[in-house]
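Chain by chain, the residues run as shown.
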Amino acid sequence: MYRYDVVDKTLVRERVAQFRDQTRRFLAGQLSDDEFRHLRLRNGLYIQRHAPMLRVAIPYGLLSSTQLRALGGIARRYDRGYGHFTTRQNIQYNWPKLEDVPDILAELAEVEMHAIQTSGNCIRNTTSDHLAGVSPDELEDPRPWCELIRQWSTFHPEFTYLPRKFKIAVTGAARDRAASQVHDVGVHLVHGAAGELGFEILAGGGLGRTPVIGQVVREFLPREHLLTYLEAILRVYNLEGRRDNLQKARIKILLRSLGIDEFRRRVEAEWESTRAGGPRVDDAHIERLRACFAPPAYRRLADGEPATGQETEFQAWYRYNTSAHKVPGYRAVFVSLKQPDVAPGDITDAQMELLADLAERYSFGEVRVTHTQNLLLADVEQQQAHELWRALREAGLATPNIGTLTDMICCPGLDFCSLANAGSIDVAKLINDRFADYDYLYDLGEIDIKISGCMNACGHHHVGHIGILGVDKSGEEWYQITIGGAAGNDASLGRVIGPSVPKAEVPETIARLIEVYVEQRQPEERFLDTVRRLGVQPFKQRVYDAPVAA
Amino acid sequence: MTRQLLRDGRIVVDDWRYAGESDGNAAAGLIFTFDRWQTERDAWPARGARVGVVLLPAHPVEALVPDLPRLSLIAAEFPGPSEGRGYSQARLLRERWKFRGELRATGYVHRDQLFFLARCGFNSFELPEDEFEFAQAALSTFSKAYQPSNDAGLPVKLQPL
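Sequences listed follow chains D and R, in order. To convert, note that position 338 of the first sequence is 338 in the working numbering; the numbers rise steadily by one, no gaps. Position in the second sequence (first residue = 1) + 1000 = the working numbering.
Some hints could be false.
What the hints assert, rightly or not - Okay, derived cross-link-like pairs now, SDA-like style, lysine to any residue, Cα gap no bigger than 25 Å in a straight line:
hint	chain 1	residue 1	chain 2	residue 2
1	R	Lys1157	D	Arg3
2	R	Lys1157	D	Glu287
3	D	Lys9	R	Leu1158
4	D	Lys9	R	Ala1152
5	R	Lys1144	D	Pro222
6	D	Lys9	R	Pro1155
7	R	Lys1157	D	Leu289
8	R	Lys1098	D	Arg290
9	R	Lys1144	D	Lys248
10	R	Lys1157	D	Cys292
11	D	Lys9	R	Glu1083
12	R	Lys1144	D	Arg275
13	D	Lys248	R	Leu1158
14	R	Lys1157	D	Glu110
15	R	Lys1157	D	Met1
16	R	Lys1157	D	Pro222
17	D	Lys248	R	Gly1080
18	D	Lys248	R	Pro1060
19	D	Lys248	R	Leu1056
20	R	Lys1098	D	Arg275
21	R	Lys1144	D	Arg361
22	R	Lys1144	D	Met1
Stated by the list, open to error - Derived list of chain R stretches under chain D, where covered just means 3 residues or more per stretch with a C-beta under 8 Å from a C-beta of chain D:
hint	segment
23	1070-1077
24	1082-1089
25	1137-1151
If you're looking for bench data, these hints aren't it; they were derived computationally from the structure. Note that the Cβ used here is the ideal one computed from N, Cα and C, for glycine as well.
All chains should be modelled from the sequences, with the hints used to inform the complete structure.
And the structure:
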């Protein structure tokens, strides 16, 4: 993976010093709440319901075992012994003390980490495919390009006070596992007519209050122009994006009001005029970055069937929680953070430390964060899978539910977040209680449930096969249900099935949607495809025709 | 009235005044609002004195381009802590339109913004009185940078074309 050079190290250290001074001035009463808010938000620090929340950047979701161990230590010493992985491949701490934050940042800097630009109206952490470099369907490894974008976007002097936050996702595989179509900018690695590497550039996607699927701005951008083109998009947005209304300030609104053709014309015109002096994609620099992500020292192995003859529980885990690897004899292993009794994405200090050890023993010392709030050990020998499974199971990290209905994406909701209208974690718990039979879950196949506690859509509910949105109804928590959303190549926005339902009725509502699917599905048809084939009507009818027994 | 400024890294007394500001200093350059400048621009060169213009966030930089040879100062205004258009305006003025005069940041300008403002091409800053003693240090908050911008002397990791 990428290791800091003297430039990275210096900048992160200098940032710690700057933030320490800003925190000191705030605590001494020299900065008002509002002034400090604008400064702390550039460093991932929110003031939340119970305490500050600190979001730490995990560039494109990649962690070394040393970093994961350090995150565990911070959770124990500065928090209440746990952390929360987010849909943007970052980690959040919910209980740090404001006055401790500079020290936490200093500890992070020691392991080449920071909280720079993890919040605020600036370019956020670049996200990517969690299977980058190991997936058989990959065209090119996106990580060198993610790292290039990370460097370019960090402390970009021109784009630190954008109209609103700005998120970039990069993917290089046939299958989009990074939800790139619902990002402000999606970058797809593609090959040109002569087989040369370039990029398809999308813009204007996003969730939140106004969900939009991104549109293609440029079908093929030669690789050397990546940064100048991003700079042109950002400049058009910075100058022309709305600043009078926070709800209309994302680039998707600008793109919509101009139309894709006019937006493209402005970006291209800006690019033509400024690209000559802009940051170039230096071949030597890219080669150095590529070398950082070179394949580890794989052993020469043959593919095997490690599940044969083992206990059924292992067989289920192997089937659902591991995925294909491009190198024979290896599998990518998901570490499920969706244990039924735990908030989705949460992990304890001890679990982090254990995983750091397991990563060193079984997966070349690296761990990845997926945008579905799980972790991944990307390079595990098939023959070691059983041993690894036993260690994970012992620690509560082997719930065999990846890709199933209980592998839910879920925001922190009313329990932690000051924006939320309703709880999310307790809804996930109710659904877990209702769908506790694994044989039934496996029979249902792939179903993405995504839960957000408010319109800001941190839980991506719009692109859930089943989306659950918390709404406040005269002080009570109710939930609006959508179906038919998807975040992959066939990205689509879910449609509302009807009036919202009270919290206690959410599990029964989900069960009725599933019933219709089970009755109507064709062989091999996913829930999503049945919804697309039949439309909302039969599902709606089943949910609302008979009242839910209390 | 005298106003202090941080200009080219040094604290100096401002030798400019905004149109409408009372001032005994007849030698002071005059800074017009953007709208007033549009009505004055044709008459101005004959008078031979230094002239500047205030640029608000919503003003297109291109509107000033024909006048750049006779403008000695452009003052971009930052109405509040979240305003960021001035950063792009500054880079356009410096890099695309080669403006070489004084580029001033005015309005909500504090030490925490100085480093990035300077990287975008601002060379003078109107600051609250109690910020001056910290302002010079703020210009060197960071000793390195990733991306090329409109600054000299800072080691940059990603080289320009």
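Status of each hint after checking the structure:
1. Lys1157/R <-> Arg3/D: This hinted pair holds, its Cα atoms lying about 15 Å apart.
2. Lys1157/R <-> Glu287/D: Satisfied, since the Cα-Cα distance of roughly 15 Å is no more than 25 Å.
3. Lys9/D <-> Leu1158/R: Holds, at roughly 16 Å.
4. Lys9/D <-> Ala1152/R: holds (21 Å)
5. Lys1144/R <-> Pro222/D: Distance of about 28 Å is beyond 25 Å: violated.
6. Lys9/D <-> Pro1155/R: OK: Lys9/D and Pro1155/R at ~14 Å, within 25 Å.
7. Lys1157/R <-> Leu289/D: holds (13 Å)
8. Lys1098/R <-> Arg290/D: violated (37 Å)
9. Lys1144/R <-> Lys248/D: Distance ~35 Å between Lys1144/R and Lys248/D Cα, so the pair is violated.
10. Lys1157/R <-> Cys292/D: holds (17 Å)
11. Lys9/D <-> Glu1083/R: Status violated; Cα separation ~29 Å.
12. Lys1144/R <-> Arg275/D: holds (22 Å)
13. Lys248/D <-> Leu1158/R: violated (33 Å)
14. Lys1157/R <-> Glu110/D: Between Lys1157/R and Glu110/D the Cα gap is close to 21 Å, so the pair holds against 25 Å.
15. Lys1157/R <-> Met1/D: This hinted pair holds, its Cα atoms lying about 19 Å apart.
16. Lys1157/R <-> Pro222/D: holds (21 Å)
17. Lys248/D <-> Gly1080/R: Roughly 19 Å between the alpha carbons, so the hint for Lys248/D and Gly1080/R holds.
18. Lys248/D <-> Pro1060/R: Holds. Lys248/D to Pro1060/R sits at ~21 Å (cutoff 25 Å).
19. Lys248/D <-> Leu1056/R: Status holds; Cα separation ~21 Å.
20. Lys1098/R <-> Arg275/D: holds (15 Å)
21. Lys1144/R <-> Arg361/D: Roughly 37 Å between the alpha carbons, so the hint for Lys1144/R and Arg361/D is violated.
22. Lys1144/R <-> Met1/D: This hinted pair holds, its Cα atoms lying about 23 Å apart.
23. 1070-1077: Check failed, 0 qualifying residues.
24. 1082-1089: Check passed, 7 qualifying residues.
25. 1137-1151: holds (count 9)
Checked against the numbered hints given earlier, this structure breaks hints 5, 8, 9, 11, 13, 21 and 23; the rest are met.
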